[in-house]
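S.K.: Chains as they are written, first to last, in the working numbering: chain A, 1109 to 1382; chain B, 473 to 740.
Incorrect hints may have been included.
Quick list of in silico lysine to aspartate or glutamate cross-link-like pairs, EDC-like style, CA-CA up to 20 Å [unchecked claim]:
| no. | chain 1 | residue 1 | chain 2 | residue 2 |
| --- | --- | --- | --- | --- |
| 1 | B | Lys-542 | A | Glu-1162 |
| 2 | A | Lys-1343 | B | Asp-563 |
| 3 | A | Lys-1352 | B | Glu-706 |
Per label pair, the in silico range of CB-to-CB distance [said to hold, decoys possible]:
| no. | chain 1 | residue 1 | chain 2 | residue 2 | range |
| --- | --- | --- | --- | --- | --- |
| 4 | B | Pro-578 | A | Arg-1356 | 46 to 52 Å |
| 5 | B | Asp-656 | A | Ser-1210 | 39 to 45 Å |
| 6 | A | Gln-1212 | B | Asn-520 | 55 to 61 Å |
| 7 | A | Gln-1212 | B | Ala-523 | 41 to 47 Å |
| 8 | A | Glu-1172 | B | Glu-675 | 45 to 51 Å |
| 9 | B | Ser-702 | A | Thr-1226 | 26 to 32 Å |
| 10 | B | Ser-702 | A | Ala-1191 | 47 to 53 Å |
| 11 | A | Arg-1344 | B | Ser-702 | 26 to 32 Å |
| 12 | B | Pro-640 | A | Pro-1314 | 14 to 20 Å |
Chain B is faced by these chain A residues, among others (derived, beta-carbon under 8 Å) [unchecked claim]:
| no. | residue |
| --- | --- |
| 13 | Leu-1144 |
| 14 | Gln-1146 |
| 15 | Arg-1170 |
| 16 | Thr-1260 |
Because the hints were derived from the structure by calculation, they are not lab data. All C-beta atoms in this analysis are idealised placements derived from N, C-alpha and C, irrespective of residue type, glycine included.
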Amino acid sequence: MTLHRLPAMGNCFAVVVLLVLGAGWLGTAAAQDERLFQLEERQLIVWAFGNQVESLPAARQRAEELLAGQIEFVAQVGSLQPAQRRKLELAGRGDIVRFFESAQKLLGELPRGQVRQTEWQEAWQKMAPVQQRFARGLHECGSLFHKTVRTTLTAEQLHRLEQLEQQRARWHYQAQIAAALVIFDNQVPLTIAQRNRLTELLLAEPPPPRIAGNRYDQYYYVFYRMSRLPEPELKRIFDDVEWKVVRRIFDQFRGLEQQFEQWEQGQDGLVVDF
Amino acid sequence: MVLLCIAAPGGVPAADTPLGELLNLLFRQRREAVQEAVEAAEMAVDVNAGAEFKPTLRGVLGSELHLVRKVCRPNEEQFAQIRAAGLAAVDAVARQMGAAQQSGRPIEQWPRPRQELSAALLAKVSELLPAEAAQAYRAEIEAREAAQRRAGQQMMFVIIDRRLTLLPDQYEPLAAALDKAWDDGLSRNMQLYLYDEYLSLPETRVVAPVLNERQTRLYTAGMNRRGRISFGWEQDLGLDGMGFVDARPDEFGTLGEEASQPATEEGK
């Protein structure tokens, strides 16, 4: 049995469609046998930068503010020298400039006004990577900023930063575990003792690496980790009736094992979000 | 007919339902009369209303009965009575949900199925079993509610941290601030936190005391453009297993043969 990803993906699609419709973005005009869509600047901006941003300058300002936050976080290592800070700022701005140059170029190439359905879909597809990158953050793993942090901080500072990042990752992972167990509880009713033991076992392992896949992978990853707990341990938690249901649920995650294993192998110590 | 379409079941004052609001407009200052009119309309809802919800509710009941059996250890006769009470509650909750659907109530005004069913089971357990058994089940229900509430808060923390990049010394104060002003509606459906761009964040006044100037600016930006997201009633009511729901019918063998009929035979 493979994981039922379709319901989740279906949800994503339905939500996107509903939101698009709800926001009144779709202008529909029948043109012979092909529908026409109204594609406006504002819509493209929302596609690229999310519904909280209404213009390119606003998106850029947001990126600058987020960079300031990242530097503030790094500064928690203590004794960050002015020269180090300047290097981080330069690197971070470099990421912003590079991203917005590409985004602006792409935006300039996309059509406006009434477009055919296929053009509308193509525009959506072209904007998707921009949207994903902006949503993930411009200064995460792989960015110039991220690399510069690693080469600019002293070994002691870097050690302290990794501790802070692990602490942050742990808060996030605890939340993902708690949420995943709420969903799991809908299928297998958990007692207090079962919930506590599962949480304890899951937290005994290090937090996950940066997850860069489907939104739902935040929770799926927890189920995957559960499925990898030693079977004798799991059988001590669940009775025979429950174990049959638990096995069925775990079986659905077999198809994702390879993907999650790859992420774990690619772990670089910086755990953020996606 | 129009009245029936916008009437609503219990849980929210009848005068505050869509029908109530309409009648309030027509009959100003007559809240009591409006209340009576709406309730009368609700009573007239088709007795078969909500039949489509029963298969899912039976699945919820089945797993809840498993918990009762495990925690309270009733004998066969007691268990049969507890199950009967649960099945009656399924009918009642399904009808309430049907009425809520017909009247177009927003999902937060629908009954909460698992809570309603566990309350019915707890009442029967209290009636039939020793006080310690009922107390043990009550403790499980409360712990589950607390875990769900906490999970929502923790995921909200994650969303806020991703948006603002919190500093370590803000973690505990923010968690405390969220707890203090928490809306339990935000803990119903964990999928909300996978679509954070459309998630309603707590009001700025809740988190502002913990945030610095930059973070507050980021937090408030675009607050009024979040919209609203719905995943369908099953998900919105927190009954979703994220892809597992299709394999639910009586997996714990607690419902008995009669109650475990396939969904397609129900309510037809």
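S.K.: Hint by hint, say whether it matches the structure.
M.R.: How the hints compare with the structure:
Distance check on the hinted pair: B:Lys-542 and A:Glu-1162 sit about 54 Å apart at the alpha-carbon level, beyond 20 Å; violated. Proposed proximity of A:Lys-1343 and B:Asp-563 is contradicted: the alpha carbons are some 35 Å apart, above 20 Å. The hinted pair formed by A:Lys-1352 and B:Glu-706 fails the criterion: a straight-line CA distance of about 24 Å is larger than 20 Å. Our hint of 46 to 52 Å for B:Pro-578 and A:Arg-1356 is violated, since their Cβ atoms are close to 34 Å apart.
A C-beta distance of roughly 43 Å is found between B:Asp-656 and A:Ser-1210, which places it inside the suggested range of 39 to 45 Å. The hint said 55 to 61 Å for the Cβ distance between A:Gln-1212 and B:Asn-520, and at roughly 58 Å that hint holds. Remark: the range hint 41 to 47 Å for A:Gln-1212 to B:Ala-523 is contradicted by a beta-carbon distance near 55 Å. Take A:Glu-1172 and B:Glu-675: their Cβ atoms lie about 26 Å apart, and the range 45 to 51 Å is violated.
Between B:Ser-702 and A:Thr-1226 the beta carbon distance is about 29 Å. The supplied range of 26 to 32 Å therefore holds. Between B:Ser-702 and A:Ala-1191 the CB atoms are about 51 Å apart, so this pair conforms to the stated range of 47 to 53 Å. Checked against the hint of 26 to 32 Å, the C-beta distance between A:Arg-1344 and B:Ser-702 comes to roughly 40 Å, which is inconsistent with it. The given range of 14 to 20 Å is respected by B:Pro-640 and A:Pro-1314, whose C-beta atoms sit roughly 18 Å from each other.
At a threshold of 8 Å, the smallest CB-CB gap from A:Leu-1144 to chain B is about 25 Å, leaving the interface hint violated. Proximity of A:Gln-1146 to chain B is violated relative to the hint, the smallest CB-CB distance being about 19 Å (cut-off 8 Å). With a least beta-carbon distance of about 7 Å to chain B, the hint placing A:Arg-1170 at the interface is held under the 8 Å criterion. The criterion of a C-beta within 8 Å of any C-beta in chain B is not met by A:Thr-1260, whose closest approach is roughly 18 Å, and the hint is violated.
In this structure, the earlier hints numbered 1, 2, 3, 4, 7, 8, 11, 13, 14 and 16 are contradicted, and the remaining ones agree with it.
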